[in-house]
Structure formats: C-alpha cells, structure tokens
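Hints given; two lone chains; assemble the complex.
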Amino acid sequence: MTLLNGLLAFGAAAFTIPLLIHLLHRSRYQTIDWGAMHLLQSSRNINSRRVQWQQLLLLLLRCALPVLLALAMSRPLLQSFLSPSGQSVLSVAIIIDDSMSMFATDNSSTGSASADGPAVATRFSIACKSAADILSSLPPGSNATVILGGAKPETLPGQVPDELALNLIDLSKRTVPAGEFTLEESIRSSLEWLAKSPHPRRQVVLISDFQQHEWSGQKASQSTDIANLFALQPTVPELAFLTVGPSTKPNQEPQRNNLFVNSIEVASTLLTVDRETILSTVLGSTGPTRCDNVNVVVLVDDTEIDRQEISLAPNSTTQVRTRWSPKRTGDHVIRVQILREDDLIADNRLEHAVIVQEPIPILLVDGDRRGEAMQSETDFLRLALSPFSLLASEKGDTFVSKTIQPNELNESILKSVRAVCLCNVREVSEVQQTLLRSFVERGSGLIVFLGDKVRTEHYESWPTLANNGLRIAKFQSRTKITTDQADADRIKMQQIEFAPIRELSSASLNSLAGVRFEYRTPISLDSASLLKPSDATVAVRFEDDQAWMIESRIGEGRCIWVSSACDDDESNLPTRSIFVPLIQKLVAYTANANPPTSDSIATDGWSRKLDTLNTNGAIVAEEVQITKPDGTTGKVKLTKEGQMRFSDTRLLGTYRAKRSSSESSASLEPMLACSKSEGQQSNQESELKYVTPDEISVIATASKATVSASSKDFLANTRPDWYGREIWTWIWTALVVCFLAEMALEQSLSPRSGSKPNAVRQQFVRGPVA
Amino acid sequence: MKAPLLRWLSAPDLSRVSGLQLLAKGVVEGVSGGLHCSHHIGSSIVFKEHRPYVPGDETRSIDWKLFGKTDRLYIRQYEDETNLRCTIAIDQSGSMKYSGSRSNGISKHDFAVRLAACLSYMLVNQQDAVGLATFDSKIRKYIPPRSRPNHLQTLFEAMAESQPGNESDLSVVLQDLLNRCKRRGLVFIISDCFGDPEAIVKSLALLRSNYQEVVVFQIWDDDELDFPFQSRTMFRSLELESNQVLVDPSGLRSTYLENLRLFREVIQQGCLQNRVDLISVATSQSYSVVLSNYIAMRRNRK
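Protein chains in written order, with my numbering: chain A, 1 to 770; chain B, 1 to 302.
Excised from the complex, chain B in its bound form (with noise of 0.2 Å):
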C-alpha cells in the first residue's frame, strides 16, 4: 500500500511544488518561525535598518562598526520572520463525486484532495502550519493547523478518509469555519462551490472581514462546463437521490450554459469584490500545474 502522500501525489508532481514557497500576500502572525514576513520587528537576521541610539537600548544591538565610522551610536534592527497559519476546506459533498470522461476517472473530489495534499505538502514544508476542514451542509472533520512535520500525515489521513456525498451548504460551512479560525490566516476553499452564489459570496465576505486571507479553488469538470450530452437523459442527483429529471440535454444546453454563466459570474464578482482569489480549475487539468501556475502568480504579484 501506497503512502498516503505518494498515493496522490506522482514524483513529478512532488517535484513540481517541493521547489515552491506560498507566501502570504497579507500581514500574518505567527509564534514560530516562518517564511513570510512580519510588520513587527524582531530579532532575526534579517538587516532592516539603523536607528539612533537612546538611552535604555540594549548596548548588544549597537552596530560599533558603524560607531567607529560615525563616532556616533545607532542600533541595528531586524525583520521579523513568522509563520503562516492555513486552513484547507475540502469540499466532500455529493456533486465532488462527479467524474465526466474526459476527466481521466478523476472525480472533482480527487482532484480536490490531491491539491489539498499538494498544497499541504508545500506549505509545511516552508514550515507553515497547516490545518483541514472537510465538509459537506457543515464541517465535517477539522484539524487545526500545525507546523510539525508529522502534521502533515495526520492531514493525509483526514483526506484519505474523506468520502464524497451529502448535500451542500458552503455558506454555513464558512461561517462555522469563520468562527474556528481564530487568528489571521490563509484559507484554502477547494469545492465546485454549488449552492446559492450570493450566500457563498456573503460568506466569504465575511470570511475576508475577519482578516483571513481567502483563496477559493472552484473545481469543475469538463462535463458540467460545455454540457455535451445528445441523447435523451436521466439526470440523478448526486446529493439527492430522488431529484432526477429525464430531459433531452441537446435542447437544453443554451439554456444550461446561460444558466452557468451567470452563476459563476455571481461568484466571480463577489470574489473580486471581496478580494478572494478564485481559481477554475477543471479536472482534465494537472492540479501541479494549477498550483505552480498560481504560486507563480502570486509572487509575481507581489
């Protein structure tokens, strides 16, 4: 039996993102020592400047170098360097277990737990606390984020354990979320966000108004985006077994893809008004790529 970790993520995918460091885009705080930066200043060793010196400063930070230059004295300052604290909610509801054909037999779901496992692996190994949530009406198993190493097994397990099904409620779950995640961090939504936009968009607002830095992976599959079916259909819902519908989908589709449109449309426009990160991502993609591509973006960003 595979390791959990190798069991979804292939060698060239591990080496894909071993090289990678996700950094905060906003202020975070932290006790331990992290990657990503800090307003307050601290002793590090990282040079950020000289300030003069008042009676009362610690002689050990007198730069006596710059003294016998200046014959003055000044004190040297450090950044201080913290650690990122990120949640990872993983969608488990019924619709996550869709697998279209041209998914490769990946469902959302497995899409969904593999970029989690990715992204989990990248950021403790820059030594960021990790935690996860999954859920599907409500959290269904939440570990709070760690920075140990052996943290990130424990997070494996919780992921190989998650199974697909149940309705959906994003919105409540964001806001239980809301209340569990204390301090400022960096949340990671990776679900196909089906339910009311405009709830999930309240909710992330407020996600965002509790300093939390969002960043949502909307997962797609190819089926649900270009709706390809011809033939007559028994559409059987994957949340609720006794909502199906026989339709012919080939006099549907306009409709259907209107209907997306404006969905997903909702979602982006309270994404961006909430300065949330939204990444589409469809099955058929590499979920490697889609992080390294949006790490990349990040950074250069910043």
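Only chain A is shown next, with the shape it has when bound in the complex (with noise of 0.2 Å):
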C-alpha cells in the first residue's frame, strides 16, 4: 500500500490520548460514601464482565478513530499484494495481431495510402496507437515488450516503454500485412519475455480484431489451452483482449463487400524464355451483393500485360486467365490488382515471383545409337526434353539436350550441362566414372537406363557410393517378363512418395498405371554400397516389389537408376502420354533445377543458391540486399557455397535481393524475387468475420481475460490497478461508523438523567380499604 499524503498518516499516534485518558482515568478516582451499597454489590457481580468488555470496545473505538482519520487524510493506494511495498512497477506484454484482416478500415473512405501511412486509419494502425497509449501509461520503472504476431511471431527490440511507444508510432504506417496470426506460439513467446521479468506483477495484452476463423471451429478450445498455459506459469500474469475492429457486432455477413486475389498459378512447371505459359488468377469476393465491372490489371514487372473486366456474385470466386511468354531469363514479379476500393486494400493485391531460366541443357548418351528415325536409345528422350525445337515450333523448349556417343563424354562436354541420361550405354571407363561422380558431386543430376546392350558385370564392378563411386544397387541379367509373373510387369502405383511421379497430375498417373514392361534388368538396392542409409532410396517399384527407380544424392545432385530402357524396346512407356511430363520431370529433378517457377519461403525463410563465382573466376558478391514488401531493407551475407538465407519472411508481398559486390557498394547483379502469400488461408483472413460479443465473452471466460473495446477503456480498467486503488472512501466511511458505534455505546453506558426519577420520586401504593 502506497500513501499520497504520507505526513498526515504520523496523525495516527494521536491514537494514544485516548489511551492515555483511558488510562489516565483508570488511575483517578472519586470517593463516594453510598447508602445503597446491597443493590450496588449485586450489579457489580453481574456486569462486571460485560462492563469490562463494553469499556474496552469503547477504548478501541476511540482509539481507532485518530488511526482513521488520520489513514483517510493521507490517501492511501491499495495495490496488488504482488507488488513491492511502495511500488506500482509491472512487465506487460503486447502482442499485436498483423494478419492480414488487420489491415481493414473500418469507414467509408476513398483516401489513397501516402508515405505517411494509410489514409484512413486501419485497425492495425489503430492497434499500434493503442499499444503506445499503453506503453505511454505504465507507471515509471516498468518494463514492456511488443510482440507482432502474424506469421512467426517478431519482438520489436527494446523494453523501454516510451522508446516502443515511438517505435510503434512509426510502425503504425505499415500497410503490408503479415501471415495468419498465430496465436499460440505470440502468447509462448509472451510468457517466456515475461518468466524472464524482474517484476513480480505482469500482464500481457493481445490486440486483434478476433477474427471467427482464429477463434471458432478447430481452435474452439484455444482459449481454454491458453488459460492453461498461463497456470502453468510460476507468477501467473494478467490477461486483457483489447479489441479492434467491429468484433462488437452481430456474426453476420460483413456490411461491404470484400474482393480480394485469391492466388496465382503458372501453369508451366518450368518458364524458358519464349514459352508461353498461362497465368491463372482466382478472385474472390465476401459480401451481400453482386459485384459487376470488377477492372482485374495483370502486370508483370510492373508492366500490365493484361486487363479484364469481371463480375462477381456474392460470395463467390471467378478465374482470370492471362497468356505470357517471358521475353528475359531471371526473376519476374507477376502482379495482379484489382482497382476497387474496399475495406481491405491489401488482398485487392497479389504477387507471384518466377524464375524464367535458359532452357536446361542435358546431355543423352545413346547406347545404341542407329540411323533410322526413333530407333536409337535417346531418340523418345529427345523427343520428350524438346518437343517444340524438333517439331519447329516458336515456342521455346525447356529443355535443350545434345546426344553423344558413349566414347565422346568427356570433362568438357560435362560443364555445360546440367544433367546426364545414360541411356543403355554398355560400359563407362573408370574416367568416365569418375568424372561423371564428380559431375553429381556438384550439384548436377545423372539418369542411367539399362538395357539390353547394358553389361551388368561391369555396372556390378564400379565402385559404390561408400567408395566414392556411383553404383548403389545390385544388378541381374535383363530378364523378359513372361505371363506368369503378372505383377511384375507394371508399376506398383500405391504410396509413391518420389516427388516427379507424386507431382504429375491424376491423367499422367492413369496413363503410368496402364504402363506394361516385357523385359527389365532387375536391380536391387545394395545397402552395403551406402556410407548411410539415407543415401538411397527404392524411388518407385514394379507391384512384385522390385525396384523401378533407385534413387540416391551423391553430394550436392542426384542419381536414378531405372531397370529399364527409355525406348519402346522394353516397355511401351514412350508410348504413353505420362512419357514426356515423367522425363521432364525427372529430368529438372536430377538437374537440381530450382523449384519449377518460383522459390517459396520456408519456415526458416527464403533460400537461394547463387553463384559466387562469375564467368571471370572471381568471387562475385558476398552480400545480399534484401528489400522486404514495406521497403524495408536488410542484408544477408552468402555461405562460402554461395548460398543465401534470408529469415525476416513474415510479411506477406514480394521480397527483392539484389547482390552488392563487397569491394563496391553498387550492385552489380540483377533482381531476385520471391514472394509470399497466404494460399488457402488468404480467403479466410478476407471473409472478415468476427466473433461475437458474446462468443468474445466466453472466450475471455475461460481465457481468464478482461475485455475492453479501446485503450481508454483498458486504462480506465487497469490504471487503479497499475498505480493502486484509492481506498479513503471506506475509510471515511469506517470511520463514521466508528463515531456513530463509540457515540452509540457511550450513550449506552451514561445515566439517564430526568424521567426516570420523577417518575418514581412520588409514587403511592395504596393499600385497600380494610
């Protein structure tokens, strides 16, 4: 307990002149010679208890009544007992909701965003403002943390109250949302800022607009497991929703429409420079009424390429199809933008980054080569890497493949290519062997399909994995599948985990199952030719359980081994439509080929591999320049491997990296994108549906939280608490009641003076007449 007046509270010794009255009292005495002395004995033996008790209940209150007065002058603030004696110091904890529905306005306004933040404020900024207006009011000696909990949840740096609350100031600007809001590991990383805490009192303070999807269906139970987590602290803290946003209304559908991009698909798994692909965009829209000439912009790289005009029921999603034919290898940011105006500005936009590269070079090494047309070993395999090349098409290829002789594979041929298909090749020399290990080594991909022309015994002589080699399997003579081995003439097409055959779609899937082989080499994997087991794995089997695919990681690239030629000779597998995705797609899979399009970002963030070495020899650049989707910018140094890791990726939008030599600040090599968006998720964070009030109250029920509905109501609430409840009121009122009871008593024990005398002074009894 804290004293405003603390002078006045030393009045309280004025306690000891009644007791020294008292006292005092006790020692005086009168002298009275009484005549009545037989009515006085019997009183005596009678009260003598209760007037000993009477005196003393007496005595308390008179001594009570300066302890009091004096108490209530001097304004006592009763605090929690957690705090220190004469301390109103405490921890808090804000955590921010930055998900997307976070940035929502909440009136009509047609105002554009500026430099210095958006126009109308959104609840994001209203929520920073808040946290500030919190942080501004912590009484002196308090410490603060500010928790962004969108996405993987980020502490603002600092714990001076007044240094977040300017921080917060600024950030309040930030237009960008961040991802879903995760609320469970924002209210972890609360607890642990706060287990950490010199402060015995703590409070943590979650600001979000409560949107349905976060708090109802599966995560019903949210509020009961973070009630939970709270007991389980050593010094549980306080628990207070602030809420912004029209979580106060109704659940139903929103009073404006929402439109909002929903995703962007490239429909090529790999972009090359003049290959069209088509872009699909899905747009959507919440709302109760329909919206008709909708204006959709496609830009890419800020260039529009495309324009349409569409109409949206309520509630409902439309597609938006886009041709493009990349003119330039390297990144590209595809934009989609709807131009309407609503309550959420951020999902009216979306960005996708891609890579357009060169088309991949493979090398096929036909094993039996011939003249006639599709009948060498390569000739299905060039037909499937580059269609378009062989067919004269305009439309670039993705791959671009050389075939050669088994005997013309060689160092130099190996540099300028990315992936190796041997395809029934006889023999590899020990060189060969070598250097084709070494060319996986790197990073690049080999593909071996036996065959007939395949010596097995040699294959069984090269050395294994574990002995720096390549072979990992166990090889048979090429065997024909006769009618009584069913099973063992096509592919067991249940649980396959291999990512080329897993990718393709349901029609290519179909078309493998109806895949039937008549000879195959069987191979098996040879767990003693692995350093470990991980090593190499049965990619794909035939339905007796023998191995199709093998396929292992040889240092930084891969390599598979098929039990079967890739012409018609074994298999009718050429035939099939599933060929030529299947050979694409395993071929951009040795080849180590970056994600089809685009990177995506990973929990850890976005990673790249660069080059650090440019065609000169030299080390390039050791450090990246990322800039974020609000413009902020952060560096990040490259590994000796060149490869770059950036792990500031909770903001939604488009991240640029741009290269900055280290001798020189200018940047010297192109753009590198990556964007990140919400997927599936996007649509729930833009339906903007809230709880109700009275879902919120049985939420912060069994939460233990307060609820306010603004920072004035949360520091009307809290503030008594922070600096302590003013309790003269009921001393005041403790103290009247002591001087009525002490003046009630005191009448109590006091003669009577008047009445009672004169009315026995003359009193007759009269006798009856006799």
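Just so you know, nobody snuck in bad clues.
If you anchor each label on the Cβ, the simulated ranges turn out as follows:
#1 B/Ser-209 with A/Leu-24: 53 to 59 Å
#2 B/Ser-209 with A/Leu-57: 50 to 56 Å
#3 A/Pro-234 with B/Arg-232: 55 to 61 Å
#4 A/Arg-28 with B/Val-266: 32 to 38 Å
#5 B/Gly-105 with A/Thr-16: 40 to 46 Å
#6 A/Thr-16 with B/Gln-230: 21 to 27 Å
By construction, these hints were calculated from the structure, which means they are not laboratory data.
It should be emphasised that the depicted structure is a prediction, and the values quoted were computed from it without experimental measurement.
For glycine and all other residues, C-beta sits at the position ideal for the given N, C-alpha and C.
Given below as structure tokens:
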C-alpha cells in the first residue's frame, strides 16, 4: 500500500490520547459514601465482565478514530499484493495481431495511402496507437515488450516503454500485412519474455480483431489452452483482450463487399524464354451484393500485360487466365490487382515471383545409336525433352538436349550441361565414372537407363557410393517378364512418395498405371554400398516389389537408376502420354533445377543458392541486400557455397534481393525475387467475419481474461491496479461508523437524567381500604 | 438556638400542616377524646340514631321531643369519639446519612426527621397519641404514645438526638415494634427500607396481623434512583466502612437500575398484599407537600 500524503499518516499517533486518558481515568477516581451498597454489589457481580468488554470496545473505538482519520487524510493506495511495497511497476507484453484482416478499415473512405501511412486508419494502425497509449501510461520503472503475432511472431527491439511507443507510432504507418495470426506461438513468446522479467506484476495484452476462423471451429479450445498455459507459469500474469474493429457487431455478412485476389498459378512447370505459359488468377468476393464491372489488371515487372473486366456474385470466386511469354531469363514479379477500393485493400493485390530460366542443357549418351528415326536409344528422350525444337515450333523448350556416343563423354562436355542420361550404355570407363561422380557431386544430375546393351557385370564392378563411386545397386541379367509373372510387368501405383511422380497430374498417373513392361534389368538396393541408409532409396517399384527406379543423393546432386530402357524396346512407356511429363520431371529433378517457377518461402525463410564466381572466376559478391514488401531493407551474407538464407519473411508480398560486391557498394547483379502469400488461408482472412460479443465473453471467461474495446477503456480499468486504488472513501466510511458506534456505546453506558427519577419520586402504593 | 420544632419545620410547612387532620382509616381504640371514630356508641355530641325505649334504659336518654310528636318513647344514641395511638419509627441506620447533590444538603435522615416532626405536630394537634421509635439494627429509643401537648417537646428532643450510623435491620425492628405496640394504632415507618425486602415484607405482614395500620415512607435520594455517576468511583458503605468497591459506574448503571426496580417491586407488592400504604419520596421534594398530598389521598379514599 502506498500513501499519497504520507506525512499526515503520522497523525495516527493520536490514538495514544484516548489510551492515555483511559489509563489516567483508571488511575483516578472519586470516593462516595454510599447507602445502597446491596444494590451496587449485586450489579457489580452481574455486570463486571460485560462492563469490561464494553469499556474495552469503547476504548478501541476511541483509539481507532484518530488512526482512521489520519489514514483517510493520508490517501492510501491499495495495490496488488504482488507489488513490492511502495511500487507499482510491472512488466507488460503486448501482442499485436498484424495478419491480413487487421489492415482493414472500418469506415468508408476513398483516400489513398501515402508515405505517412494509410489515409484511413487501419485496425493495425489503431492497434499500434493503442499499444503506444498503453506503453506511455505504464508506471515509471516498468518494462515492456511488443510482439507482432502474424506468421512467425516477431519481438520488436527494446524494453523501454517510451521508446517502444515511439517505434509503434512509426510502425502504425505500415500497410503490408504479415501471415496468419499465430496466437499460441505469440502467447508462448510473451510468457517466455515475462518469465525473465524482474517484476512480479505481469500482464499480457492481446490486441486483435478476433476473427471467427482464429477462435472458432477447430480452434474453439484455444482459449482453454491459453488459460492452461498461463496457469503453468510460476507467477501467473494477467491477460487482457483489447478488441479493434467491429468485433462487437453480431457475426453476420459484412456490411460491405470485400474483393480479394486468392491465388496466382503458372501453368508451366518450368519457365523458359519465349515459351508461353498461362497465368491463372483466382479472385473472390465476400459480401451481400454482386460486384459488376470489376477491373482486374495483370502486370509483370510493373508492365501491364492484361486487363479484364469481371463480375462476381456474392460470396463467390472466379478465374482470370492470362497468356504470358517471358522475354528474358531471371526473376520476374507477376502482380494481379483489383482496381476497386473496399474495406481491405491489402488483399486486392497479389504478387507472385517467378524464375525464367534458360533451357536446361541435357546430355544424352546413346548406347544404341541407329540411323532410323525413333530407333536410337535416345530418340524418345530427345522428343520428350525438346518437343518444340524438334517440331520446329516458335515456342521454346524447357530443355536443350545433345546426344553423344558413349566414347564422347568427357570433362569439357560435362561442364556445359546440367544433367546426363546414360541410355543403355554398355560400359562406362573408370575415367568417365570419376567425371560423372564429380559432375553429380557438384549439383548436377545423372539418370542411368539400363537396357539390353548393358553389361551388368561391368556395372557390378563400379565403385560403390561408399567408395567414392556411383554404384548403389546390385544388378541381375536382363530378363523377360513372362505371363506368369503377372505383377512384374506393371508399376506399383500405391504409396509413391517419389516427388517427380507424385507431382504428376491424375491423368498422367492414370497413364502410368497402364504402362506394361516386357523386359527389365532387375536392380536391388545394395545397402553395403551406402555410407548411410538414407543415401539411397527405392523410389518406384513394380507390383512384385522389385525396384523400377532407385534414387540416390551424391553430394549436391542426384542420381537415378532405372531398370528399364528409355525406348519402346522393353515397355510401352514412351508411347504413353505420361512419358513426356515424366521424363521432364525426372530430368528437372536430377538437374537440381530450382523450384519449377519460383522460390518458396519456407518456415526458416527465403533460401537461394547463388553462384559465387562470375564468368571470370572471381568471387562476385558476399552480401545480398534484401528489400522486404514494406520497403524496409536487410542484408544477408552468402555462405562459402553461395547459399543465401533470409529469415525475416513474416510479411506477405514480394522480397527482392540484389547482390552487392564486397568491393563496391553498387549493385551488380540483377534482382532476385520471392513472393509470400497466404494461399488458401487468405480466403479466411478476407472473409472479415468476427466473433460476436457473446462469443468474446465466452472466450474471455475461458481464457480468464478481461475485455476492453479501446485503449481508453483498458487504461480506465487497469490504471487503478497499476497505480493502486484509492481507498480513502472506505476509510472515511469506517471512520463515520466508528464515530457513531462510539457515540451509541457511550450513550448506552451513561446515565439517563430526568424522566425516571421523576417517575418514581412520588409514588404511592395504596393499600385497599380495610 | 431555635426551638426544636422550628429547627426542622419552616413557617410555610407549619401553616401547611397545621390545618390537616390525619384520620385513621381503620378502627382505633382509645380512652381519651380524639378525632377518630369508633364503632362503639358512646356519650358524645354527635347524634347517631333513635331506638325504642326498653325498660332499664336511662331516662335521661329519652328524646322527649320525639315523644311529644309520636307519643312513643325513644332513646337518643350518640357516636363514641376516641383517640388514635400513633408510633413513628425513624430509621437512623448509616444508609440514611446519604445526601446527594440534588437534595440541597438534606440527608435522608434529615428528611425523615422533618417528616416525622411534621407528622408529630399534626397528630398532637388533633389530640392523638404519638410515640417515637428510632432504630437501626434494633430500636435504639422508644417513646410510648402520649397525647399531651408537652409530649411534642419530648419527641422533638428525641428526634434531635438521633444520629444515623450502623447497619440496619428493619425486619428485626418491626418485630420488636410489634411487641411494643400492644394496642391497635397507626405505625409510621420512615426508612429507606434497605435490607432483605422479603424479610421486611414479612415483618410488615406480622405488624398488620396485629391490627396495626402501617404507613411506610420510603426515603430515597435522587442519586440512588438514577445512579448518575460517570467517572470511576470508590463507593464506601455508610453502614460498614470496610465495605467498599471501586467500579466504573457507567457500565453498572443499567444493571443497578434493574436491581433497584426489582427491589422496589418486591417492597411494593408486599405492601399491596398486606394493605400497607407505601409512599416513596425523594429528598429533593418538600416533606410537607408529601404529607399533605398523602393526607388528602387518605381523605378521598375514606
């Protein structure tokens, strides 16, 4: 407890006055010669004990009066018992939801955002300002932290409340949302910070718009989980919810429509120059009314390539398809934008970064070259890899293949390709094996198709993987699959985990299920040849569980062994429609081509392997400057292997990177880009559906939290606890009660003068007449 | 030095009581001429009734006027007047010494003596016989009732000599008084009646059973009636010096008053049952007013 006018509390010492008077009174007495002793004696015997406690009570009341008076005038503040005496400092962790929905505005305005922030206050800016208000109002000596809860929670630097408040004012101008609100992680982060706090008084404030999908359905038990998390803390912090947005309105269809861009997909698995692809954009609308004449613009690298006008029925989606033919290699940013203002502008545009590559050079080593068309071992492969080139089409191919004889395989030719396919090659010399091993180790790919020309005993003699070789399998002689081996002639379609096949369309997979083999060169995984079991796996099997494809990783690259030929000598695979996509996927997979069209931001951030050497062989750059979607920048150093990893990828949008030389500050390299979007989750954020006030009450009760609708309400409710609650009114009330009690008790103990003696003075008792 | 009479009785008091006549409410007996009626028919000047003459009656009693009217012989009969024998008992126990702040310096004993003097004066004036008994734990002085005018002086001197002190035992005194008052009469007891109330009532009943008319003047001080003391007080007994208590009166007050009420109730009920007049008076009152009010009450009752 704290006293605002502490000096006046010393007046409590006045309680000694009635005590002294009482003690003096007891030591002094008058002497009266009395006649009615018999009445006095009996009264004394009956009354002694009652008199004693009545006198004691009267004394206590008289002593309490000056104490209460002094205490009331000193204006005490009653604070939490957890607070050290005389202080009200506390530690506060503020969690701000910065997911997509928090960037909605709650009033209709057609203003546009500027450098100073959004023209109309978004919920996020309101949340930041509310948090700043709370931080500015904390008692001196308190410390605080601010955690942004979207995607991976981010703790703002600093613990001094005033500094954090200033940072939040700047942060309120942000217009770019982060990923989905991760409440549990944010709560855990706040509790971890509070656990290290020096102050026993702790509080967590959650500022959010309380979307339905964050609190209902599968997440309905979240509030109980939160309460349990808090209960496990050695010092249980207080929890407060501060709602922003219209979460007090009943859960109904939003009053205004909200249009959003849900996703952008690129049809091609690999993008190459001059090879047209289809960009498919899904757009959606939530709201009660139909939206007509909605203009949608598709831009690539800020250049408009398409504009369409669409209509959307209430709560529906539609797709816009745009053709695009890249004109240069490198990273490109595709942006789709809805040209209409609504409550949530952030979801009216979506960016998708793609990588356009040069056609991937592939080397085909033909072990059975023939002059007739489609008779050589590699003819089908060539057709599958470069169909447009062979057909003399203007369209580009993803791959550029070159066919050689086995004896032409050398180091110089390997330098110019990304993958090698050995197609029914009888033998590979030791030198060539060593070259191939180095080739794969550096990150390239090798596919070995066996066939009738292959000498299995030669391949058996290859050094194993464990011995710096390439062999990972044991080989048997080529066999014909007979009719009694019913399961041996087809591929086992169940539980295929191998990525190139798993990613095929269902139509392709159906086609694969119809492949029939006549011959195969049985191979089996040789565990003894591996350094560790995970070095190789059986990727695909026949129905009789014999291996069809075995995959291994060697260094940075991949190697696939296929137990059948790549032409139609041993199976009908080349004649099936799956052959082209299968071969392209296999080759792209082994060639370690970057994700088909773009990087993806994983949980640990944006990773990209870059060349550390330029064409002259000099180390190009060691540092990369990253520009985040909100315009802020960061730097990341490349590893020795040229790996870039940027972990600060909370925000939705496109991250742009430029390499800068360590010797010069000028940017040398072209831009790299990677986009982050919510994907399917974005639809939920764009729905703008909120929990009702009743639901918030239930959630708050389950979480053991208080609810406030604004920072003003929150501070009004909480400030008395921070600074203490003045209790002088109670003390004044107690003082008045004691005073009245003292008067009443004194009156009851004092003689009543007047009436009674008069009533008995002249009293005649008349005896009856005799 | 003032005459004993004037020492206690002021001129207004004297004038107030001088015209009063105390009448016995019951049958009294006496030999000398007094104020009070007797059942017996005697030779007095108050005509009572006629009765027919029977041989043997005294001829001087014949009403000749009536004979002349009725031609029959009738005897005139007269009421027989006799005197009242009163005994005034004055309590001179230590408790009667008490004088409170509101009694103008008059102790209960002083009040009792004044009352007794007033009574004596009135009775002697109406030619009744008056006796005196002063007592505490026993009768200290007893003067038999006389009706001679100079008896009043004797009474006053005895009253003057009485000094309060010692313990009281009214019940014993009343029994002693019973033995001394052989003939019917009127007994005035002027006391605070402090003692065992039931024993006192029993003694009163005994006195009444001996055909004595009893009137009790119970003397109180105002302090004894309302116990006004606030501060811590050492109460010392006026009857027994070793009996003293140190108390906080404010806490005792309610219980003291309750005990007082009970005590008085026992005395009152006892007097009522035994047809004893009980007059409770406080020393702050005027004794002559008290006496005159009492006499008036008796007269109205008769």
